[in-house]
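J.: My request is simple: use the sequences and hints to build the entire structure.
Per the numbering used here, the sequence shown starts with residue 47, numbered consecutively.
Any given hint could be a false lead.
[Stated by the list, open to error] Simulated DEER-style distance windows between Cβ atoms: (1) Asp283 / Leu237: 16 to 24 Å; (2) Ala209 / Ala285: 17 to 25 Å; (3) Leu140 / Thr173: 13 to 21 Å; (4) Phe252 / His358: 22 to 30 Å; (5) Ser308 / Leu239: 45 to 53 Å.
[Stated by the list, open to error] Derived pair list, reagent style BS3-like, types lysine-lysine, alpha-carbon separation capped at 30 Å: (6) Lys116 / Lys311; (7) Lys116 / Lys264; (8) Lys264 / Lys114; (9) Lys117 / Lys264; (10) Lys311 / Lys264; (11) Lys114 / Lys311; (12) Lys287 / Lys117.
If you're looking for bench data, these hints aren't it; they were derived computationally from the structure.
Since we're looking at a predicted model, the values are computed, not measured.
Even for Gly, the Cβ is constructed at its ideal location relative to N, Cα and C.
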Amino acid sequence: MKLIKISLFLFIIGSFSSLTLFAADEGSHAAEFLSHGVGARALGMGSAFVAIADDATATYWNPAGLTKVKKHSFSAMYSDTFSTGDGSFLSKGLVSYNFVNYVHQLEGIGSLGLSWIRLGIDDIPRTTFIDVDNNGFLGDFQDINGNGVKDQGEPYIDRPTVAEYFSNTDNALLISYARQIHPIAAVGGNLKLLSQSIFENSGRGFGIDIGIILMPYKGFRFGTILLDATGTQIRWDTADKPVFTRGRRLRFGGAYQWTFPSFGKGSIGADFETDQADLEEGTDSGGGLLFRTGAEYWLFRTLALRCGWNGHGFSAGTGLQLRVSTMTFFVDYAFNTHTLGGSQRISVSGQF
Numbered sequence: 047m048k049l050i051k052i053s054l055f056l057f058i059i060g061s062f063s064s065l066t067l068f069a070a071d072e073g074s075h076a077a078e079f080l081s082h083g084v085g086a087r088a089l090g091m092g093s094a095f096v097a098i099a100d101d102a103t104a105t106y107w108n109p110a111g112l113t114k115v116k117k118h119s120f121s122a123m124y125s126d127t128f129s130t131g132d133g134s135f136l137s138k139g140l141v142s143y144n145f146v147n148y149v150h151q152l153e154g155i156g157s158l159g160l161s162w163i164r165l166g167i168d169d170i171p172r173t174t175f176i177d178v179d180n181n182g183f184l185g186d187f188q189d190i191n192g193n194g195v196k197d198q199g200e201p202y203i204d205r206p207t208v209a210e211y212f213s214n215t216d217n218a219l220l221i222s223y224a225r226q227i228h229p230i231a232a233v234g235g236n237l238k239l240l241s242q243s244i245f246e247n248s249g250r251g252f253g254i255d256i257g258i259i260l261m262p263y264k265g266f267r268f269g270t271i272l273l274d275a276t277g278t279q280i281r282w283d284t285a286d287k288p289v290f291t292r293g294r295r296l297r298f299g300g301a302y303q304w305t306f307p308s309f310g311k312g313s314i315g316a317d318f319e320t321d322q323a324d325l326e327e328g329t330d331s332g333g334g335l336l337f338r339t340g341a342e343y344w345l346f347r348t349l350a351l352r353c354g355w356n357g358h359g360f361s362a363g364t365g366l367q368l369r370v371s372t373m374t375f376f377v378d379y380a381f382n383t384h385t386l387g388g389s390q391r392i393s394v395s396g397q398f
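T.: The structure is reproduced here in structure tokens:
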């Protein structure tokens with residue numbers, strides 16, 4: 047027990063030290079799509095999931111949690127983000143964000159997981175002009191006041207037209223492994239393979255996450271994960287071959303889970319997150335720490351109600367559990383508020 051406490055202490059201190067040491071050299075906003083979260087269950091709880099992480103989405107939140115996942119588990123999520131505001135409840139969003147994964151336990155070896163995350167903005171129009179006056183120049187306009195600049199009210203002579211449509215896509219493949227190293231402690235890690243593209247250009251890179259979960263007392267869980275532990279770099283294929291770096295991020299928190307045999311079970315959790323930019327500049331709320339909290343209650347282990355605060359807005363959700371023979375299926379929904387519009391997530395998962 048004493049050894050586990052010392053190990054956790056050293057891990058957290060070492061993580062903060064590495065964040066501070068490299069803060070001046072690396073950026074922290076490359077591959078930002080990796081910050082959006084996965085799984086309607088966790089998102090409905092305000093993303094306060096680093097210590098709970100007890101389902102297949104642990105590959106994202108904290109791979110150490112995979113040791114508590116059933117032998118065969120899967121999860122899939124569909125999301126339309128930033129609705130266009132046409133008034134309908136399920137209006138299509140501007141950004142599609144999807145996740146799918148599978149987790150398998152190997153007896154005596156550990157737990158393995160494979161996950162795919164995709165964020166896409168499709169059907170982006172690339173416009174050009176039709177050279178109506180055939181002078182070899184595109185974008186001619188009626189220069190009414192003769193100042194050589196297109197002012198408001200001066201119409202184009204050449205007609206704008208859509209030449210083609212293209213997509214902006216971000217993809218991540220996560221290969222995860224976790225192992226129980228002590229009755230109350232588990233460790234895990236991710237290898238992340240990243241690909242981004244927009245129009246005719248693309249970028250690729252890879253990164254590593256390292257996580258640990260402690261369960262020192264019944265019902266209590268403590269977790270921490272060092273994201274992008276080596277500094278995830280994305281190299282683009284444009285002319286000057288730029289490299290963008292996603293700086294290290296540390297997320298840590300605790301949770302308490304309880305059970306009422308006749309009525310159901312519940313969980314409550316809280317997370318803190320910091321990154322290199324926060325430590326260097328003191329940005330973000332809380333003096334460099336982003337705070338999240340959330341709760342979940344399963345009524346008769348069939349219907350779940352969830353709510354939380356994700357550091358930027360409120361979240362809420364619900365879930366339904368279905369049992370078919372030896373298999374258990376979950377259908378989850380989450381709604382998150384945002385200044386650019388609400389985001390809705392729907393997840394389906396199963397254990398067998």
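J.: Taking the Cβ atom of Ala209 and the Cβ atom of Ala285, is their distance within the range 17 to 25 Å?
T.: holds (22 Å)
J.: With respect to the beta-carbon atoms only, verify the hint that Asp283 and Leu237 lie 16 to 24 Å apart.
T.: holds (22 Å)
J.: Is it true that the CA of Lys311 sits at most 30 Å from the CA of Lys264?
T.: holds (14 Å)
J.: Within a Cα-Cα threshold of 30 Å, do Lys117 and Lys264 meet the stated pairing?
T.: Given pair Lys117, Lys264 holds - Cα atoms ~22 Å apart, limit 30 Å.
J.: Would the pair Lys116 and Lys264 pass a check requiring their Cα atoms to be no farther apart than 30 Å?
T.: Cα-Cα ~20 Å, so holds.
J.: Does Lys311 sit within 30 Å of Lys114, going by the straight-line distance between their CA atoms?
T.: With a Cα-Cα distance of about 17 Å, the restraint between Lys114 and Lys311 holds, given a limit of 30 Å.
J.: Given the hint that Lys264 pairs with Lys114, does the C-alpha gap stay at or below 30 Å?
T.: Measuring from Cα to Cα gives roughly 14 Å; hence the hint holds.
J.: Could one say that the CB atoms of Phe252 and His358 fall in the range 22 to 30 Å?
T.: Given about 28 Å between the Cβ atoms, the range holds.
J.: Does the beta carbon distance between Leu140 and Thr173 stay inside 13 to 21 Å, or does it fall outside?
T.: Holds - the Cβ-Cβ distance for Leu140 and Thr173, about 18 Å, lies within 13 to 21 Å.
J.: Is the gap between the beta carbons of Ser308 and Leu239 within 45 to 53 Å?
T.: Hint holds: Cβ distance 47 Å, inside 45 to 53 Å.
J.: Holds or violated: Lys287 and Lys117, Cα atoms, limit 30 Å.
T.: violated (43 Å)
J.: Are Lys116 and Lys311 close enough, with their CA atoms no more than 30 Å apart?
T.: Judged against 30 Å, a Cα distance of about 18 Å means the pair holds.
Comparing the model with each earlier hint shows a violation of hint 12 alone; every other hint is respected.
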